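Participant: Here are the chains, one letter per residue:
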Amino acid sequence: MSVVLKGVFKDYPLGASIVRALHGIDLEIEKGEFTTIAGPSGCGKSTLLNLIGCMDVATTGTVSIEGKITNSLTDKEQTNLRLNTLGFIFQSFNLVPVLSVYQNVELPLLLKGGMTAGERSKRISELLDQVGLANKANNRSHELSGGQRQRVAIARALVTEPKIVLADEPTANLDSETGQNIIELMRTLNSKQKTTFIFSSHDPKVIEHARRIVRLQDGRVIEDVRK
Amino acid sequence: MFEELKVLLLVAIRNLALHKVKTLVVGGILLVGSFLVVFGLSLLGSVESTMSQSIIGSVAGHLQVYSSDARDDLALFGSGFFGRDDLGEINKFEDVKAEILKNENVSDVVPLGFENALLGRGNLLDDLFERFRATVKARSEKDIASMIETIKVNLRTVRSDLENELKISSIPDDIKKQIVDVEQALSDDFWLKLKQDPESVLIFLESKIAPLSGEKEPLYLRYMGTNPAQFAEVFKKFKIVDGENIPAGERGILLSQRIYETQVKNIVARGFDNLRKGVIEQRKKIAEDISLKTIASDLPKQYLEVVVYLSGEKRSEIAAQLKGFLKADENELEPLMKKFLTVDDSNFEERFSYFYKTIAPSIRLYPFKVGDTINLRSYTRSGFLKTVPLKIHGLYQFSGLESSDLAGAFNFVDMVSYRELYGRMSSEGQKELEELRKEVSVKPIESGSLEDSLFGGDVTLETRSDDNAKTAGLPRENAVLEFKRAATEKYDTAELNSGLVINAAILLKNPRRLNSTRIELEKQLADANMKLKVVDWKQASGTLGQLVSVIRAVLLIAVGIILIVAMAIINNAIMMTTLERTREIGTLRAIGAQRSFVLKMFFVETLTIGLLATFLGAVLAVIFVSILGTRGIASPSDFVSFLFGGPRLYPTFSTTIAVVAPIVVAALALVFTLYPAFMASRISPAAAMQDRE
Ligand SMILES: Nc1ncnc2c1ncn2[C@@H]1O[C@H](COP(=O)(O)OP(=O)(O)OP(=O)(O)O)[C@@H](O)[C@H]1O
Ligand SMILES: [Mg+2]
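Going line by line, the protein sequences match chains E and C. If you count the first sequence from 1, position 178 lands on 178 in my numbering, and the numbers rise without skipping. Positions in the second sequence are counted from 1; adding 1000 to them yields my numbering.
For the record, the hints were derived by calculation from the structure and aren't laboratory data. Every value quoted in this text rests on a predicted model; they were computed, and no experiment measured them. Incorrect hints may have been included.
[Said to hold, decoys possible] The list that follows gives simulated cross-link-like pairs (lysine to aspartate or glutamate, EDC-like), each with its CA atoms no further than 16 Å apart:
id : chain 1 : residue 1 : chain 2 : residue 2
1  : E       : K112      : C       : E1003
2  : C       : K1208     : C       : E1244
3  : C       : K1531     : C       : E1183
4  : E       : K112      : C       : E1004
[Claimed, not checked] Restraint-style ranges between C-beta atoms, simulated for each label pair:
id : chain 1 : residue 1 : chain 2 : residue 2 : range
5  : E       : P40       : C       : L1599     : 48 to 54 Å
6  : C       : V1664     : E       : S145      : 32 to 38 Å
7  : C       : V1021     : E       : K227      : 33 to 39 Å
8  : E       : S145      : C       : V1660     : 39 to 45 Å
Glycine is no exception: its CB is placed at the ideal position from the N, C-alpha and C atoms.
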């Protein structure tokens, strides 16, 4: 199992009261699955992905990633897990603005360490080739279109060969066609590399690309279908 | 590790380029801060070194030794009070010197002792009547007649002054009486008496009329007793500019050229000199500068100080020349002179050269010259007013400090004369006195009137001064007559280095070991049972020595405040950019950067801009100091020239300061980055999800 959630509740304090974003989620995602978390705005998609992405901890219940229960990890351990096991793709791309395309993709490798410049270069070129940006390596992010930026983000997410790639509404800032292309690219890479992909969306056109759809409503799983 | 640093530097440099405003603000502040520190400290260091050379090289030497019984601290350049400091005494200087010379770092020990003396300057009419007496004695009818005219002119001025005074005076009766005296001296009957009874005329003038012109302020002379030859040898800045040093075994005084020019010289000439300095050297305007304005407005009031020296043909000659020069209608010298002395910016240069070319040669510019003998009056330790005639052997100055009042404050006398003025006799003098006491059974004498009858004209007496509080309660024995055949007496040069001195300057072979040598000497002297204090030049120079330390403290505090404010601004600027960068930092954290990475990212950013800016600031400061070092900074005042060791300061920079200061400033910036960096490291990786581009 790649991801296992058991009886996960997540409460957010909101002033004096609390908001319950997740109401007892039980979910298992297998290695190499291409899953989407679907649902209307405010249903808890981001909250769920954050828990899986070790950026937040469940109020109750357990989350385990690649067999490791993340609830009680220290910040440092969580960070290492994010670095080594997870890859992230963001709604707003979140490239580091001061760095070039190449440097953005290289960043996780540098944080991870242990590779020579030559090894890094080889890996980055491969990936940029796969996302179709081989000729943009030296551009800065503001010189790219939204779709191109998200491709860079995908390359960055995959560069460390993570077990799981998480993407929170990766197409929300893109037009419909570009969005579908991005999802197609993710799908291609998923099938090639056997990386688990979990992304959220509320766009039906995007959702239909997924092999498994987990529907949330008010913090609960209301539907879980595999195609 | 290396990889990480590479990213850090890369991100830092890119970020600095991206947040240009922040970079400029932080960098600018650090650059200016570092510049100020390096520049300020370099300048101060230079001033400290030139000042130390001024102080060490003029009178202080490296160390000074004086009695530990002293009630006051030694203050060579004044303690801020004009008065007599109690510095105790070193009674057997020969022993002290021998002991100090045992220290292998000591190269020489110079005996010293300083004191203030009064030099009466008489008054204007005194000078005139003195010359009249001589003229009468010479019996030259023509000269006498012309002098009488001069006297009458002066008397008319005195009369009109008195009449003016009468209008506002609270003692009109006294002034009326004085006017009657002046009227009498102006009458023809009075002058007719000159033939039959010249003495009564002269006495009337000298006793009744002379005091009416008012006493000139006495000159205060600070004199320093020493061994003149040794002093000149040891203090390299000391230079004789006129005459010669006091010869070995002879008595006398060396006047400071500075005092001679600025205090002794004729007051009108001095006025011209001071105006010349302001108007021609410093390019100031009389109309705009308050002190120049005051000098200029005083000049015409001082016309008597010129005309009193002109008599007979000279009077009419100068009057005629002035009339032509000024294109005036008047014929009389007085109004012409007043008019001539009324100077302003338009006519000053012309008047100045005319004064020195045409008028100065005919008047007495200095009341005494090299070769003359002056009577130095000073209170002895036992409270007698003692007068010692001393020959002016020469004028001196300290090289580079020619225009400094501080360095030029001293006049040097031989140690033997110093002791006499101090009230301590030479061994020979003491023997002589003993014999005399046997011959004449001496009683306390109240006035000097007996001096001629007792010893002939060449002798001065100590007179007990009634108004000196210091004598109160002293044993009566102190009032015995002491005498000295002063001016001509020779002495054995060995006396200079034995007996009483007040303090002594110690010169070192290796000045770097100043402090350790001072401590060694203190111990050495204590072991030899000599109750003496040894202080360094800084302490010995009084408030002056502490000045640089004070300026340094003030500068550091000011720089400190500026830096703290600057750092607060930097802190703020970094805080602001941190807020702006929340999503970026969240992203870094999300993709696997540790908190420590975020901290380091901030530090590397601050250090990159910090070291760049501070070293640039330091380099600019070094360049600036070097430029000033070749051009020199003009001293704004005579006092500052002393600190500068001359009319210009040629500052040098210290490499240590230029390297350490920027590092310190950058480190300070780093400290002020701690908090924003800490805040940034707390940013949650979930911040990466914040939905905005
Ligand atoms: N940090 C937070 N503090 C308080 N409440 C929060 C916080 N994050 C999310 N919530 C609340 O939790 C619920 C779930 O939010 P979440 O962002 O997971 O929904 P979402 O499905 O991602 O919505 P969207 O499609 O708008 O992104 C919402 O009601 C939201 O208001
Ligand atoms: Mg969301």
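Participant: For each hint, tell me whether it holds in the structure or not.
Facilitator: Evaluation of the provided hints:
no., hint, result
1, K112/E - E1003/C, "9 Å, holds"
2, K1208/C - E1244/C, "41 Å, violated"
3, K1531/C - E1183/C, "66 Å, violated"
4, K112/E - E1004/C, "9 Å, holds"
5, P40/E - L1599/C: 48 to 54 Å, "40 Å, violated"
6, V1664/C - S145/E: 32 to 38 Å, "48 Å, violated"
7, V1021/C - K227/E: 33 to 39 Å, "52 Å, violated"
8, S145/E - V1660/C: 39 to 45 Å, "51 Å, violated"
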